[in-house]
Amino acid sequence: MTNSWTDIKNTDLVWIMGGNAAEAHPCGFKWVTEAKAERGAKLMVVDPRFNRSAAVADHYAPIRPGSDIAFLSGVVNYLLTNDKIHHEYVRHYTNAAYIVRDDFEFNEGLFSGYDEEKRSYDRSTWEYVMGPDGFAVRDMTLKDPRCVFQLMKKHFEIYTPEMVERVSGTPKDKFLKVAEWAASTANGERAMTIMYALGWTQHSSGAQNIRTAAMIQLLCGNIGIPGGGVNALRGHSNVQGITDVGTLTAAIPGYLALPTDKEPTLEAHLAKRTFKPLQPNQTSYWQNYPKFYVSFLKSYFGAKATKENNFGYDWLPKVDVAYDALRMFDVMHQGKTTGMLCQGFNPLMSIAYSGKTVAALSKLKFLVSMDPIETDTVRFWENHGEFNDVDTASIQTEVFMLPVTSFAEEEGSFTNSSRCIQWKWPAADPYFESRKDIDILSDLFVRIRKLYETEGGTGKDPLMAIDWSYENPLEPQPDELLRELNGKALADVTDAEGNVIRRAGEQLAGFGEMRDDGSTDGSMWIYTGVYGPKGNFAQRRDNDDPSGLGVFGNWGFSWPANRRIQYNRASADPQGKPWSEAKKYMYWDGQRWTGPDVPDYVATIPPEQATGPFIMNAEGVSRLWVRGLMADGPFPAHYEPFESPVKNPIFPAIRGNPAARVFNNDMEIFGDSSEFSIVATTYRLTEHFHFWTKNVHTNAVLQPEAIVEMSEQLAKEKGIAMGQLVRIWSNRGEVKAKAVVTKRLVPLQVDGKTVHTIGLPLHFGFIGETKKASPINSLTPPVGDANSQTPEFKAFLVDIEPVSGPVA
Amino acid sequence: MNMDLSRRAFLKGASVGVAGTTLGAFGFGGVEAAYAASVKPFRLTTTKEARSSCPYCAVCCGMMIFSAESKAEAGKMEVTHIEGDVDNPVNRGTLCPKGAAAIDYIKSKTRVKYPMYRKPGTNTFERVTWDFAMERIAKLMKEDRDANFIETNNDGVPVNRWPTMAFLSGSSVTNETGWLTYKVSRGLGMLQIENQARI
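From first to last, the protein sequence lines stand for chains V and F.
For what it's worth, this note's numbering labels the leading residue of the first sequence as 783, then goes sequentially.
For what it's worth, this note's numbering labels the leading residue of the second sequence as 316, then goes sequentially.
Bound conformation, chain V alone:
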C-alpha cells in the first residue's frame, strides 16, 4: 500500500475494484466502514459479482472479467475530456509536461518497436527528448503536441463511455457514476482511495491494470495524501515482507537486482542502476544503489567481502533465465529439474494448469515439503480417483514431508500490507517433532557445507563464502537475523564534514548511513531503522495516535524510514502549503517539513528547490508515461484475456497481450470461444484461506465443498438447479462443484453478444476435511502478465453442464 489500513478512515471515497475486502480482508475492511460512518464517505465497487463489498456499497457497477483496462481507461478519458483533473498536481508532480521522442507511435494496438516473433518490444522510442543540459525537455504549459499530457489525451480518447459499455459490458450510466464520483476528488479537498488485490494482478495485463489506477489517482491528485493512494490489499500474511526480502528468481533483498550475465563486474552492474536525476535538484534515490548493494554484499559474505574482490560480487549467481512459477513448472515439465523444496507452499493447488503441474512433479527426483500441515502437493503421487488420478507405482520421486512449527510456535516479524513490520512472540512449544523453518534450513545448509569441506565438489568457493557467523550456527535467532537485515557500522561512519555519525559496531539508524566502501553492512536497506541503536522497533506497541489521522507512528516500524504515507510531500502544494485544511498532512513551516509523518526527504530542503515528492524516480515526479520501464507499453491499452468470449473490439487483430510470454506448445492449449463460451473467474471465500483451511475443522464445517456461482439465466439455459452437481471444463481440465444459482451474477452484453460469467471459489482439493475436489487450477491457463508473470487466474473460458444425480 502507498497508505495504510488505518489511513482509510481519512477518505471521502473508497473505490474497490479487483478485490473484495469485505470478504477477503474483513478486519481491514472495518476502516471502510469507519470512513462511511464517521466521515460520510462513499463506497463504490466494480466487480463481476455483486459481492459482500458491493452489498454495503453506495454504488455498484458490474464488469466482465478481464476488461478492467477498458473501464479504467474510460475513467482516464472522462477526467481528461471533462477537464476534471487536479491541474497543479498534474503539472508539478507528474511527468505530464515531459516531451516524448518523435519516433514514438501507437498503431492498431501496438506501440512502436514491436517484434512479433519475440513477442516483445524494442522500447528505445518510448523515451523522453533530452536537452543539451543533460536533463529531459519539458513544456510546463502542457500544450506541446508531443508532451505526455497531449499524447495521453489522444491515446485515451477512444475509451468513451459507449466503448466501455461495449467492451466491459458495464451499462453506461453505471460506468459514468463511477467516473463522476472519482472526478469529485480531483481538487485537493476530497480524497479517494483505491483498494485492489489479486482480481487486478492475475491477468495477462495485470501490472497495467494497477498502473491505470495509479494514473487516475495522479490525475485526481490522490497520491501522497491522507485517505488517498493505490492500496494493494495483498494475500498472505507476510507476502509483503517476503517480497521485500526477495525470495524471487532475480532479486536481492530490498528491490535490488541479482547480476546478469551481461554484467561481468560489480561496476557494470551498478552503472546500469545508479540513476542520475533527469531534472535539477531531484533526489533520484537510486543514486544510492551502490551503498545498498555493497552493504548487502558485506552482510552476505561478511569479512570475506573486500574492496579487492569487489565485495564478493563474482560469487553471486548470475541470472540467465528468470524463473517465475510458470516457467519453473514448464522447465520441470521438460524434465530439467532434479529437486524442489516447498516451504509453506502447495503448488499442485496454486499453479496454473494442474494437469501440467502433476506431470511436472512426477519428473522430480526428489521433493521436500516443509509445512505444519499435509498438502495436496506432498501427496501428489497418491491416487485420489478422479481428483488426482495418477499411477503411483510409476512415480519415482522421493518425497520428504517435514513437520514445521505453526505460526503460534515461533517468533519473529511480519510485515503487513501497510508495510508495517510487527513482532510476534512465541505462544507455545513446537508440536510433536516439528522444527522451525530456520532450524531445518540451517541444519541442511551446515550439513551440505560440511560435505563440501570433507569431499570437495563443484562450486565450493561461493558456497563457503556465505557468512554464517551466528552464535549457534544450527539455530540462528530471529533477533540476530533482524539485526542483520537492518545493518551496522563496521567502521566509524562519518558525514560530509567528517563528523562521526555512527560508531563502529553500532546498529544503523537509517539507510542514509549506509556507505559503498564496505564500512557498513545490512542485508536489506529498506528495513534499516527497524533495529537501530535504540533496539527492535518491530516490537513497539505504542498505539497512541496524537494527530487522530490513524498514523500510529510508534507502533512497529513502517518501511521506508517509518513513513506511513509514501510520497507525503505531495500532500502540500509546490509552495509547501497543504492543498486544503481538510487534507492537511505534511507541510513546510518556514523552516522544515513537518506534520504527523516522516517526510519523503531531508526535512530542511525548502520548497523553492522544487525537489519532487517521487524520490525514487529520476524525474522527481510520478510517471503517467512509464518510458521503457514496462514490457507492454508506456501507456496501457486494452487487450483481451488470452481466452476471451469476444475478439478485441478495439484492436481486432490482436489476441491477448502482445508482450505476454506464451511457452512453446502452450498456444494450442488456449480454448476458443466457439467451444467454450462462458467466462470463469476464481476467488476466495471469507471462511477460507487458500488451501490451508480445508484442513481446519471449523472452516471446513462452514464451507464444506466446492461450489460454482452462476446467474439464474445461465442456470436456466443449461438446465441446472440450485445445489446440483455441475461439471466445469476448460481446454485443460475439469472440476465438479455444487451449483449456487444467484442474482449476484448477471449476464452482460459485450460487443453485441450475451456473455455469462461463473464464479469459482478456489479452496478445495483432495487433502483435508472438506469434501474432495479437483484443483480449481486444473482449468486455468499457464500464461502470465507481461511484466510480473502473474498467472491469468481471473479470466478464462469454460463450459458447464449438469451432472445427473440427486440434487442436494
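For the record, the hints were derived by calculation from the structure and aren't laboratory data.
Ideal Cβ positions, reconstructed from N, Cα and C, are used throughout, including at glycine.
Treat the hints loosely; a few may be bogus.
What the hints assert, rightly or not - In silico contact screen, one side only, chain F against chain V (beta carbon under 10 Å); selected entries:
id : residue
1  : Tyr371
2  : Met379
3  : Ile397
4  : Ile421
5  : Lys424
6  : Thr425
7  : Asn438
8  : Ala448
9  : Asp470
10 : Gly493
11 : Arg501
12 : Met505
13 : Glu509
What the hints assert, rightly or not - Listed next, the in silico DSSO-like pairs over lysine-lysine satisfying Cα-Cα at most 27 Å (straight line):
id : chain 1 : residue 1 : chain 2 : residue 2
14 : V       : Lys824    : V       : Lys866
15 : V       : Lys1118   : V       : Lys1044
16 : F       : Lys428    : V       : Lys1553
17 : F       : Lys457    : V       : Lys1145
18 : F       : Lys424    : V       : Lys1520
19 : F       : Lys457    : V       : Lys1232
20 : F       : Lys457    : V       : Lys1118
21 : V       : Lys818    : V       : Lys1525
22 : V       : Lys1044   : V       : Lys1054
23 : F       : Lys454    : V       : Lys1242
Unchecked claim - Rough simulated footprint, nothing fancy, chain F against chain V, three-plus residues with beta-carbon under 8 Å:
id : region
24 : 1167 to 1177
25 : 1321 to 1330
We have chain V already, so just place chain F on it with the hints.
Here is chain F on its own, set in the frame of chain V:
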C-alpha cells in the same frame, strides 16, 4: 458471569451465615458471598499469554494467544485459546472466521507430527528420524549440485548458478525466516526461487 447465579443459588447463598465465612471477614454480605462463590475462576488466569499475529491474510491482525501445559505432550505448552489483540490499531480486537478458528489449524488432523518419507514408486509415507531425512536431503542436493552447478559461462564469466534445483518460499513465514531462506537458497546458487507474491 452473573448469568450463573440462579435464583436457587441466590436464596441458598442468602441463608448462609455471614460471620462463618471467609468472605464475611472481608465484610461481604450474604448476597455478595453467594455471587462470589458462583463466579468460576477466569479460565485464562492459569494460562500464559503471548501477543502474536494471524497467519492468514495481509491485514496481519494482532492476536492474543493463550497456552497451558499440554495434555497430549507432557512438559510442553500448547495453545488453548486465541482472540484478537485489542491493542492492535488495525484489527482492534476483531478476528474474521479464519482467524477466530486458527486454533483448529494448530490442532488440525492433518498436522504433520514427525518427519515422513516416501520411497520411489511406493504407496505410503513411513516415519523417519530427522537425522535420516536431513542427511538424505543433503546428499541428494549435493549430488545434483556437483553434477549441474555452472561455475562460468561460455565467455568465462563466473556465473555460479545451480539451475536444476527449485525452492518455493512460503509467504506466511517471518521476515527472519525469509532472509535465512534467501541466504540458503541463493547461497547454494539457486535461481529457481519463487514465493507467493504472484499466486
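Check: Holds or violated: F/Thr425 as interface residue toward chain V, Cβ cutoff 10 Å?
Finding: holds (4 Å)
Check: Does F/Lys454 pair with V/Lys1242 here, judged by a C-alpha cut-off of 27 Å?
Finding: Given that 27 Å is the threshold and the Cα spacing comes to 15 Å, the pair holds.
Next item on the list: Could you grab the alpha-carbon distance between V/Lys1044 and V/Lys1054 and see if it respects the 27 Å cut-off?
Entry: With a Cα-Cα distance of about 11 Å, the restraint between V/Lys1044 and V/Lys1054 holds, given a limit of 27 Å.
Checklist line | 27 Å limit on alpha-carbon distance, applied to hinted pair F/Lys424 and V/Lys1520 | finding: holds (25 Å)
Next item on the list: Mind checking the alpha carbons of F/Lys457 and V/Lys1145 for me, to see if they're no more than 27 Å apart?
Entry: Cα-Cα ~19 Å, so holds.
Notebook entry, point to check: Per the coverage rule (Cβ-Cβ under 8 Å, at least three residues), is the region 1167 to 1177 of chain V covered by chain F?
Noted result: holds (count 4)
Notebook entry, point to check: Should the interface hint for F/Ile421 be scored as holding, given a Cβ-Cβ cut-off of 10 Å against chain V?
Noted result: holds (5 Å)
Next item on the list: For the pair supplied as a hint, F/Lys428 and V/Lys1553, confirm whether the alpha-carbon distance does not exceed 27 Å.
Entry: holds (23 Å)
Check: How about F/Asp470: closest beta carbon in chain V under 10 Å, or not?
Finding: With a minimum Cβ separation of about 8 Å from chain V (threshold 10 Å), the hint on F/Asp470 holds.
Check: When the nearest CB of chain V is found for F/Lys424, is that gap smaller than 10 Å?
Finding: holds (7 Å)
Item checked: Minimum beta-carbon distance criterion (10 Å), F/Asn438 to chain V -> holds (5 Å)
Note to self: F/Tyr371 was flagged as interface toward chain V. Is the shortest Cβ-Cβ separation under 10 Å?
What the structure shows: Holds, because the Cβ-Cβ distance from F/Tyr371 to chain V comes to roughly 4 Å (cut-off 10 Å).
Against the hints set out earlier in the document, no violation occurs for any number.
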